[in-house]
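Letter by letter, the chains look like this.
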Amino acid sequence: MKTKTRKLTTRLLAGIIAAAATFGLAKPADAQEILLTGPLAGAPAVRKLRLHRQGRFEFSPGISFTILDEYRRTMFLGARLGYNFTDWLEIGVWGGYGKLIQMDTYLTDQIQSRNHDRVVRAMGNPLDTERRLTAVNLGPNFDKQLGSLDWILTPQISVIPFRGKLALFQSIYLDTDLYIFGGPAIVGITERANCTDCTSDNVHNFPTSSHVAVAPTFGLGFSFYANQWSALGVEWRFLPIAWNTGGFDTAGGGKDGEFPDNKITSADERFHFQQMLTISWNMNLPTKVRLSE
Amino acid sequence: MKKTGVGLLVATALWLVPNYGWAQKAKGKAAASASVSASADTSGDATASGDAAAGDATGTGDATTGEATPGGEATPGGDVPGGEGLEDICKIDPTACPNLDMDKEAARKFKEPLYAVQQIFALRVRRFELAPFWSFSLNDQFIQHPGPGLGFNYYISNVLFVGLNGEYFQPFNQDQSFNAQVRRAARVAVPLTEYQWMAGVQVGYVFAYGKFAFLSDFIFQYDAYLVGGVGAISDRPIAVVDPDNRNFDWKVGLQVNAGAGLRVWVNRWLAATLELRDYAFNDKLEKLTISTTNPKDSSQWYDTNSHLTNNVQAQLGVSIFIPFSFDYRLPK
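Chains as they are written, first to last, in the working numbering: chain A, 950 to 1242; chain B, 167 to 498.
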């Protein structure tokens, strides 16, 4: 019994010493690991980074162009005002006014051209078939019944995850950032007014009415910094919203409400994934840029 | 029991060996520092000598235990065992003796050329680029023309490439419900065209490159390029004015294109690409009137005028560069 206990103790002691020796061997390896990691261990990816945004106000006047429009294009004259709490977070507001510059599309011109001929014919022949079939949808001037986005105001949060620099033609070097933004958009819309007796008299245009709608808006943008206090901005904004762009009776009737009902109602508003491009000149205050460590 | 004793001795020896190394290393470092200070005055490259000597510290420790003298090899011009070294050189040939005023050298303005992007992340020159993509229509609210495509380019220089480009559309054309709504509401038919395929040659220029830091941590590289080309497009009108009688055949025409793209590198041979390109061509549209005498006469189906059509596309894809690896001409 005594011998057994002694053997066990000896083996246990040998095991402990062997384990301690193994542990001891690892120490030089630790030193090597420090050498491999080198003096950049724990260093930030970028030193002396120009903090174009942190602690600065931003005022960015610009112009926004709607794209993929069916009947009318709108250019919004507007601006973005914001404050950058950090170099990657901005809270602000963007607004634009679109009543000043609006252009009809080629399709609008084509429709109006055909519509004008029908209206003229109907003056002599009130039973003109084509005119009767379109009397609910087309007044004497198609462009006067078109829907339009009058103004947009949107409080928004911008997150700037990407900072970088750009070599242009291997000779011009610019600081850049890429940001994403989002928020609720408050939109002023003018569109054909609701009606139950909607047939045109061939003389008066259809009445329109304005209302305010709320829709989400989001997008992404680039900033190309020209100097310490200003940058060229390019944004692609999305605005999913339902509205009646042409003033047509397209829905509300039939089994599933997808057929015309000879009335203009909210059912005739169609969902549009409205898109717009913005070009802006971004100005930052204070004008002097700070550097990171 | 005897074996256990031998085991204990071996284990103890194993334990002690690395610790002995530690002690020698510290001693070696001190020796290295001394060596550096000795050599700095003459070599003017204290850091280099210091690194070499520090790296040699363990070796010096081994030397004391009876191994050869690797430590002696790693101290060029610094270690002077036996009184030989730079001083002897100076005695033999005073003109060859380095004579530098270190304070003066340290104060000297050093203008190293620096570039905004020190070394382009991925060189493109003499590499092939295989670029599969999926395209989306950006300017056609009446009919969408998505489809797969493939670009194949060769980079003549790091910024200039030539290549081929092709797309296939036929099963993917999407007539939008908006067209039917306009036809029903305004009784105006919008002529529609569907595409079958498109192919051409192209030339491109990488006009910008740079790098982005994601949340100030992960850095990735990108470049931007301009591209343009000429080729062929096969398309045909979709019969909307008189679908009972009209059935159009595919016709091949000339197309020219221009665009710009952004390439974000994943590694040195793979990148994600986003390209915007405008394909312009003269389109023969369906005639808006129907022949009263012979509506089946195909010569009466087309509008007499051709119309310049711009198909603006967003192309989302990847770029695979072959060969996968390359060598830089200059060190970083």
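A few of these clues could be false.
Unchecked claim - Below, simulated DSS-like cross-link-like pairs (lysine-lysine); rule was C-alpha separation at most 30 Å, straight line:
1) A:Lys1093 / B:Lys453
2) A:Lys1237 / A:Lys997
3) A:Lys1237 / A:Lys1093
4) A:Lys997 / A:Lys1093
5) B:Lys270 / A:Lys997
6) A:Lys997 / B:Lys275
7) A:Lys1114 / B:Lys275
8) B:Lys453 / B:Lys417
9) B:Lys275 / A:Lys1237
10) B:Lys257 / B:Lys270
11) A:Lys1048 / A:Lys1212
12) A:Lys1114 / A:Lys1048
13) B:Lys417 / B:Lys462
14) A:Lys1114 / A:Lys1212
What the hints assert, rightly or not - Chain A residues, not near chain B, derived (Cβ > 10 Å throughout):
15) Ala963
16) Tyr1032
17) Leu1049
18) Ala1162
19) Ala1175
20) Gln1177
Honestly, the hints are just simulated from the structure, not real lab data. C-beta: ideal position from N, C-alpha, C; glycine also.
How the hints compare with the structure:
1. A:Lys1093 / B:Lys453: holds (28 Å)
2. A:Lys1237 / A:Lys997: This hinted pair holds, its Cα atoms lying about 15 Å apart.
3. A:Lys1237 / A:Lys1093: violated (50 Å)
4. A:Lys997 / A:Lys1093: Cα-Cα ~57 Å, so violated.
5. B:Lys270 / A:Lys997: holds (28 Å)
6. A:Lys997 / B:Lys275: Holds, because 21 Å separates the two Cα atoms, which is no more than 30 Å.
7. A:Lys1114 / B:Lys275: holds (27 Å)
8. B:Lys453 / B:Lys417: Holds. B:Lys453 to B:Lys417 sits at ~16 Å (cutoff 30 Å).
9. B:Lys275 / A:Lys1237: Distance ~28 Å between B:Lys275 and A:Lys1237 Cα, so the pair holds.
10. B:Lys257 / B:Lys270: holds (24 Å)
11. A:Lys1048 / A:Lys1212: Answer holds: A:Lys1048 to A:Lys1212 is near 27 Å, not above 30 Å.
12. A:Lys1114 / A:Lys1048: At roughly 38 Å apart (the allowed maximum being 30 Å), A:Lys1048 and A:Lys1114 break the hint.
13. B:Lys417 / B:Lys462: The hint holds at about 19 Å.
14. A:Lys1114 / A:Lys1212: Since the Cα atoms of A:Lys1114 and A:Lys1212 sit roughly 56 Å apart, the hinted pair is violated (cutoff 30 Å).
15. Ala963: violated (5 Å)
16. Tyr1032: holds (20 Å)
17. Leu1049: Consistent with the label, A:Leu1049 stays out of reach of chain B, its closest Cβ about 24 Å off (over 10 Å).
18. Ala1162: holds (20 Å)
19. Ala1175: holds (15 Å)
20. Gln1177: Given that every Cβ of chain B is farther than 10 Å from that of A:Gln1177, nearest at about 17 Å, it holds.
In terms of the numbered hints stated before, the structure departs from hints 3, 4, 12, 14, 15, listed from lowest to highest.
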